[in-house]
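> The listed protein sequences derive, respectively, from chains A and B.
Numbering-wise, the working numbering puts 127 at position 57 of the first sequence, and it's gapless, one number per residue.
Numbering-wise, the working numbering puts 375 at position 305 of the second sequence, and it's gapless, one number per residue.
Since the hints were derived computationally from the structure, they do not count as laboratory data.
Keep in mind that a hint or two might mislead.
A pair counts as met if it fits within one copy or between any two copies, since identical chains are not told apart.
[Unchecked claim] Here are the simulated lysine-lysine pairs, BS3-like style, with alpha carbons at most 30 angstroms apart:
#1 K282 / K144
#2 K144 / K115
#3 K324 / K282
The lines below spell out each chain.
There are 2 protein chains.
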Amino acid sequence: MSAAFTLSLDAMGGDYAPEIVLKGAALARERYPTAHFLLFGDTAKIKPLLDADPALAACCTIHHTDQVITGDTKPSQAIRQGRQSSMWKAIEAVKNGEAAGVVSAGNTGALMAMSKIIMRMLPGIDRPAICSLFPTRHGETVMLDLGANSQCDARNLVEFAVMGECFARAILGLERPSVGLLNIGSEDVKGTEELRKASQILRSSHLGMEFKGFIEGDDIPMGTVDVAVTDGFTGNVALKTAEGTAKLFSELLKSAIRSSWLAKFGMIFAKPVFSQVMARTDARRYNGALFVGLNGVVVKSHGGTDAVGFANAIGVAVDMIARDLNRKIGEELASIAAEQSEQEQSEPVEAVAGIAPQ
Amino acid sequence: MSAAFTLSLDAMGGDYAPEIVLKGAALARERYPTAHFLLFGDTAKIKPLLDADPALAACCTIHHTDQVITGDTKPSQAIRQGRQSSMWKAIEAVKNGEAAGVVSAGNTGALMAMSKIIMRMLPGIDRPAICSLFPTRHGETVMLDLGANSQCDARNLVEFAVMGECFARAILGLERPSVGLLNIGSEDVKGTEELRKASQILRSSHLGMEFKGFIEGDDIPMGTVDVAVTDGFTGNVALKTAEGTAKLFSELLKSAIRSSWLAKFGMIFAKPVFSQVMARTDARRYNGALFVGLNGVVVKSHGGTDAVGFANAIGVAVDMIARDLNRKIGEELASIAAEQSEQEQSEPVEAVAGIAPQ
Numbered sequence: 071m072s073a074a075f076t077l078s079l080d081a082m083g084g085d086y087a088p089e090i091v092l093k094g095a096a097l098a099r100e101r102y103p104t105a106h107f108l109l110f111g112d113t114a115k116i117k118p119l120l121d122a123d124p125a126l127a128a129c130c131t132i133h134h135t136d137q138v139i140t141g142d143t144k145p146s147q148a149i150r151q152g153r154q155s156s157m158w159k160a161i162e163a164v165k166n167g168e169a170a171g172v173v174s175a176g177n178t179g180a181l182m183a184m185s186k187i188i189m190r191m192l193p194g195i196d197r198p199a200i201c202s203l204f205p206t207r208h209g210e211t212v213m214l215d216l217g218a219n220s221q222c223d224a225r226n227l228v229e230f231a232v233m234g235e236c237f238a239r240a241i242l243g244l245e246r247p248s249v250g251l252l253n254i255g256s257e258d259v260k261g262t263e264e265l266r267k268a269s270q271i272l273r274s275s276h277l278g279m280e281f282k283g284f285i286e287g288d289d290i291p292m293g294t295v296d297v298a299v300t301d302g303f304t305g306n307v308a309l310k311t312a313e314g315t316a317k318l319f320s321e322l323l324k325s326a327i328r329s330s331w332l333a334k335f336g337m338i339f340a341k342p343v344f345s346q347v348m349a350r351t352d353a354r355r356y357n358g359a360l361f362v363g364l365n366g367v368v369v370k371s372h373g374g375t376d377a378v379g380f381a382n383a384i385g386v387a388v389d390m391i392a393r394d395l396n397r398k399i400g401e402e403l404a405s406i407a408a409e410q411s412e413q414e415q416s417e418p419v420e421a422v423a424g425i426a427p428q
Numbered sequence: 071m072s073a074a075f076t077l078s079l080d081a082m083g084g085d086y087a088p089e090i091v092l093k094g095a096a097l098a099r100e101r102y103p104t105a106h107f108l109l110f111g112d113t114a115k116i117k118p119l120l121d122a123d124p125a126l127a128a129c130c131t132i133h134h135t136d137q138v139i140t141g142d143t144k145p146s147q148a149i150r151q152g153r154q155s156s157m158w159k160a161i162e163a164v165k166n167g168e169a170a171g172v173v174s175a176g177n178t179g180a181l182m183a184m185s186k187i188i189m190r191m192l193p194g195i196d197r198p199a200i201c202s203l204f205p206t207r208h209g210e211t212v213m214l215d216l217g218a219n220s221q222c223d224a225r226n227l228v229e230f231a232v233m234g235e236c237f238a239r240a241i242l243g244l245e246r247p248s249v250g251l252l253n254i255g256s257e258d259v260k261g262t263e264e265l266r267k268a269s270q271i272l273r274s275s276h277l278g279m280e281f282k283g284f285i286e287g288d289d290i291p292m293g294t295v296d297v298a299v300t301d302g303f304t305g306n307v308a309l310k311t312a313e314g315t316a317k318l319f320s321e322l323l324k325s326a327i328r329s330s331w332l333a334k335f336g337m338i339f340a341k342p343v344f345s346q347v348m349a350r351t352d353a354r355r356y357n358g359a360l361f362v363g364l365n366g367v368v369v370k371s372h373g374g375t376d377a378v379g380f381a382n383a384i385g386v387a388v389d390m391i392a393r394d395l396n397r398k399i400g401e402e403l404a405s406i407a408a409e410q411s412e413q414e415q416s417e418p419v420e421a422v423a424g425i426a427p428q
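Please model the complete structure; the sequences and the hints are all you need to start from.
Okay, structure coming up:
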């Protein structure tokens, strides 16, 4: 992205705010020298940090806010009582056209609830989803929903599939990404009624999707499909379980190496390739989940990430803006709706199930 | 287990049956020299394999069956039409007292449905669950349900917690195992209504459980609790995602090492500790999931495992029999029900929610 652009940052969101947010912005500034950041938060806390980094200060504007949304605030409470918060104001800056996108490491539920109210959904979308990349054997797989919707019906899952497909096309550069529905068996009889219904709709030709049917948990890291679709409960548990397993594996390796002087000697030679694998599966590298389905770019960073992770989340926002993902999803949905309404005119109603806008 | 005991094996279940079943039994025979195996399946296929291994043949009895339950047979179809199958007959041998437990690598849904009909549930149990161990930072965590019940209510989850606690006490030798409910956030407001209800019941003092509240996906490999409780859909996806992630990690490491002669040289010295970590996280080591809540020992092996994995599944069955797990779960449930009925007499009814037998 070479043109100048502005991002709004929720400077008070996350476990180590505002320090990590500012350090992340400083790293991102090196990668995107034309970026400008609107920092929403407590001036008394932000200003000293900016004073210590004049290069960063030169591309930042502080917008003072008093209120902070904490991790245990309920989404309903956040939208009722949090309208003066750093999070609300940072989202509002996108709605008002002052920023091209927003990044927050704060409370996920509150961020989603506020974004829905302030930005609204894309036409034809019932519920936005949290979408991110997952490292796999072959490269990367798009996965959604990662936690916005604990319970999903067939229509939601179909919408996620369409949005995930657009995301894969835009971010992974694939012409015809393959899509799978996460289930507990690949046979058609497995899983819930909603999954079977969603699978039927996705198989129907009018979507023109490369739909591979049901996939299982191990298919995600194995990279069996380009887009893995699931409800937010399952997706969140699967993502965190995978992160924990990768962490366990690297911890076990490190402690085993420490326990043997022979292994320590061997690692003098083997270390570079290990560092390379660790870097490839580093959770910070995949930090920054996009809220897809909204009328604007909202990226959620892990609350506990470091500056490298937060800078990557900023990178996700930059990518989304540069590739104009929301416009593409909107066009895709509109074209599906149009095809479907044509089909509805030529076919009996019961044969058509889909995702037409309400 | 020093006393002689008999296990029944579904010799036709799994991707590589009967070969792997027999090879697994041969490995298990070395570990448990007093074991006797009843092999249910096609004599024409089993006999040549036994003829080639006289030591194994000496501790096996073939029971001929014609019918095989395939991987894509629906559970309902299996119980209606599969009563002459190797799977049905192998379970029946336990019910009839001819064997102390059964091991099958066949169709999970069919095995569960048949086991429920033939063996019945323990008193007070609404639904059995699939239970297994998961490698963690500190050792091992008990996890259930791993796929028997796609949708669970609060009562089911509470039953799983009680059974998992018994399992941890028996298998891990813990006096007071800690228990967590898998959710997408540790705050009380997170997740589904059923999870919140189950959490409330588990917190109530009459269960006397070391209940740690909600845990998240990464808490499983991190070993935050001794028993991780979840519905069968989420549990199955989490388990398979973790297995896939571990596999991805080891594949990436191996291919990175192959690509560098320096790393290859270093690995001459570092290899023993790597092999040790690989062995600790080897899925075959954790093969063999117990169906808890049934009136008998049923162990499910992965369909695609090898002889080492199948022998480990036999080992799980031997452990369960030796430690008399079902009797212990039964006693625990009866004592909870008794305490609860006392409490019901002294407290207003609405204050008591629990798992009394229907």
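> I want to check one pair: K324 and K282. Are their C-alpha atoms no more than 30 angstroms apart within a copy, between two copies, both, or neither?
between (38 angstroms within a copy, 29 angstroms between copies)
> At most 30 angstroms between CA atoms: does that hold for K144 and K115 within a copy, between copies, both, or neither?
within (25 angstroms within a copy, 62 angstroms between copies)
> Cα distance capped at 30 angstroms. Does K282 pair with K144 within a copy, between copies, both, or neither?
Result: close only across copies, 21 angstroms inter versus 37 angstroms intra.
Comparing the model with each numbered hint stated earlier shows that all of them hold.
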